[in-house]
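Numbered according to this note's numbering, the sequence shown spans residues 35 to 303.
DSSO-like cross-link-like pairs, simulated, lysine-lysine; straight-line CA separation at most 30 Å: (1) K186 <-> K234; (2) K143 <-> K289; (3) K272 <-> K296; (4) K143 <-> K292; (5) K87 <-> K143; (6) K146 <-> K165; (7) K179 <-> K143; (8) K143 <-> K299; (9) K111 <-> K67; (10) K289 <-> K146; (11) K272 <-> K87; (12) K67 <-> K158; (13) K126 <-> K67; (14) K67 <-> K272; (15) K266 <-> K299; (16) K180 <-> K53; (17) K67 <-> K53; (18) K180 <-> K146; (19) K111 <-> K87; (20) K179 <-> K272; (21) K87 <-> K146; (22) K179 <-> K158; (23) K111 <-> K272; (24) K292 <-> K186; (25) K131 <-> K234.
These aren't lab readings, by the way, just hints derived from the structure by calculation.
Quantities reported herein were computed from a predicted structural model and do not represent experimental measurements.
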Amino acid sequence: MPDNFWEDVISTAVEAGDKILEIYEGDFDVDWKDDFSPLTQADRSSHDYITNKLEKITPHIPVFSEESNNISWDIRKEWEDYWLVDPLDGTKEFIRKNGEFTVNIALIKNSKPFFGVVVIPVQKVIYWAHKDCGSYKRNYGANDKKLPLENKGVDLDNLRILGSRSHRSTTIEVFSSYFNEPEIVSAGSSLKFCLLAEGKADVYPRFGPTSEWDTAAGQCVLECAGGYVLDKTGSPLKYNMQDSVINSHFIALRKYDKRLFKYFKEFEN
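With the hints as constraints, model all of the structure from the sequences given.
Here's what the structure looks like:
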């Protein structure tokens, strides 16, 4: 690999975000997929750009994007390394123009996130992580800051629970009832993992469906900052293990706390 390999991938995510903003700042049409999720020209434009760039940077590594999800399991199950891409995570946030959408690129090695980059185009912020060198936050044009920025212990009496901006459900309310007046922090897209990695929230329980491209890059950022993304067995989320790309329910933790995992597991069961 060339010395600037990872920076090339980070730049690709930033440049894709710039293309998204060109559409975001104007008028755009919204189409609907078969699963009734929204699709815009920004999704397509970002997908095309990222796919083309990654195929040039690493022609030997396959690319699996949300917008190319018709790659069959017979092909994918042979992959050991591959790029997993969500070219626009948070399309609903994009449509609502609240700025909480991201570009996600992850390198999966042997079913685990090895490298990840999450770009928030509106905020001009980059989160990136590599299993061998840690997790970082970078404002455009500035130096990296190593994550977590805040590393205090978990206080269940002042718990900060993350919930989805667009998928708020009664399950979060019920989970929250285990605790004494917790703060509910709403955020869109994979930004939730990044807030955990920074130390701005404590826990993100996810009981609704997510796809693998929604979580991989954010999981890498969080894990490399010392956090966890666990299924109900206590195992980290893994990737490309089956035909379906739908994740199991999971809990993301800024720091491992057996009490939080216990409540999650009880609720899940």
